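Chemist: Modelling step: build the complete structure from the supplied sequences, incorporating the hints.
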Amino acid sequence: MPTCWTGSCSEPESYGKAALVLLPAEGQQDRSRMQSLVETAAHLGFSTVAINYVFEPTTKKKQEVPSPVPISELIGQLPVVQGRSRPIKVLNRLTVVMSEASHFRPNATEYRAFDLLAIQPTTEKLFHTTCMLCDVDIICISVTEKLPFFFKRAPINGAIDRGVVFEVSYASALRDSTMRRYTIANAVCLMESCKGKNVIVSSAAEKALELRGPYDIVNLGALFGLSDADSKEAVSSTCRAVLLHAETRKTASGIVYTRISQQEALQDCVGSRFFHIHESDHSTGKG
Numbered sequence: 234m235p236t237c238w239t240g241s242c243s244e245p246e247s248y249g250k251a252a253l254v255l256l257p258a259e260g261q262q263d264r265s266r267m268q269s270l271v272e273t274a275a276h277l278g279f280s281t282v283a284i285n286y287v288f289e290p291t292t293k294k295k296q297e298v299p300s301p302v303p304i305s306e307l308i309g310q311l312p313v314v315q316g317r318s319r320p321i322k323v324l325n326r327l328t329v330v331m332s333e334a335s336h337f338r339p340n341a342t343e344y345r346a347f348d349l350l351a352i353q354p355t356t357e358k359l360f361h362t363t364c365m366l367c368d369v370d371i372i373c374i375s376v377t378e379k380l381p382f383f384f385k386r387a388p389i390n391g392a393i394d395r396g397v398v399f400e401v402s403y404a405s406a407l408r409d410s411t412m413r414r415y416t417i418a419n420a421v422c423l424m425e426s427c428k429g430k431n432v433i434v435s436s437a438a439e440k441a442l443e444l445r446g447p448y449d450i451v452n453l454g455a456l457f458g459l460s461d462a463d464s465k466e467a468v469s470s471t472c473r474a475v476l477l478h479a480e481t482r483k484t485a486s487g488i489v490y491t492r493i494s495q496q497e498a499l500q501d502c503v504g505s506r507f508f509h510i511h512e513s514d515h516s517t518g519k520g
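Per the working numbering, residue 234 is the first one in the sequence shown, and the count goes up by one each step.
Note that these hints are calculated values from the structure, not bench results. This one's a predicted model, so the numbers in the text were calculated from it and none came from an experiment. Using N, Cα and C, we set each Cβ at its ideal position, and we do this for glycine too. Among the hints, erroneous ones may be present.
[As the list claims (entries may be wrong)] Label-pair distances were calculated between CB atoms; the ranges are:
hint, residue 1, residue 2, range
1, Pro303, Val421, 17 to 23 Å
2, Asp368, Arg414, 17 to 23 Å
3, Lys430, Arg319, 29 to 35 Å
4, Ala341, Ser410, 21 to 27 Å
5, Lys430, Glu357, 30 to 36 Å
6, Tyr448, Ala341, 38 to 44 Å
7, Ser426, Glu297, 31 to 37 Å
8, Ala387, Val298, 41 to 47 Å
9, Ser305, Ala387, 28 to 34 Å
10, Pro320, Asn340, 31 to 37 Å
Modeler: Structure follows, in structure tokens:
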């Protein structure tokens with residue numbers, strides 16, 4: 234199901250204008266809702282929005298990774314960012330909900346269609362694997378239920394060292410008192426382990442009214458256990474770091490993929506040439 238991400242950065246005094254926005258985008262009604270949300274995000278000063286596709290594989294049958302819909306088909310006219318002279322930027326993001334290690338395929342060609350790549354691990358073992366090994370940009374922390382595991386310092390430090398960030402969303406906390414408890418409890422637990430480093434605060438909003446501006450998000454950060462400085466970074470410099478990390482990851486993946494493809498092509502060419510030489514030898518009676 235497509236959803237939407239806002240992020241990136243402005244001047245320091247405005248905290249960089251960055252957060253995450255999630256909403257359904259199927260059908261004309263949902264597209265109208267997305268248009269409204271993107272316009273609201275631009276009005277609040279957010280300079281980047283990404284359409285987020287949540288992919289939750291199951292063990293019963295093989296599922297295909299969703300393909301991103303062209304931005305022009307989801308959003309009519311891109312609104313101009315408040316206080317700037319340029320329109321809001323739109324990217325694509327894929328979030329894989331991982332309940333088994335096989336659900337994330339590092340070399341999947343489908344992943345390259347997305348600008349941002351995120352994983353939401355559902356067990357402690359998968360959280361450890363994601364932090365230490367998975368080549369992604371964002372690790373999502375569930376806020377709709379009590380986490381079935383505790384955060385440990387070692388894997389979190391491993392993710393931080395690799396430039397991966399942790400994402401906590403707030404919209405669920407605005408809708409339901411039970412989810413509010415889960416959101417705050419899970420966020421505080423994370424902050425105790427990561428010390429507020431490499432954290433972004435997202436909205437996961439399903440409608441424009443659930444969006445909050447940068448100053449409100451900074452205040453929410455205090456409830457999550459973030460210091461004032463870390464809260465500001467969670468909506469500014471850390472979001473910029475996510476976009477830079479994604480660009481670097483995609484470039485590196487592209488280089489590796491290109492080299493592998495060239496090597497395979499060369500092997501095919503050599504193999505084909507070898508085959509034709511032997512065919513020629515047989516046809517002339519040499520051997």
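Chemist: Which of the listed hints are broken here?
Modeler: 1, 2, 4, 5, 8, 9
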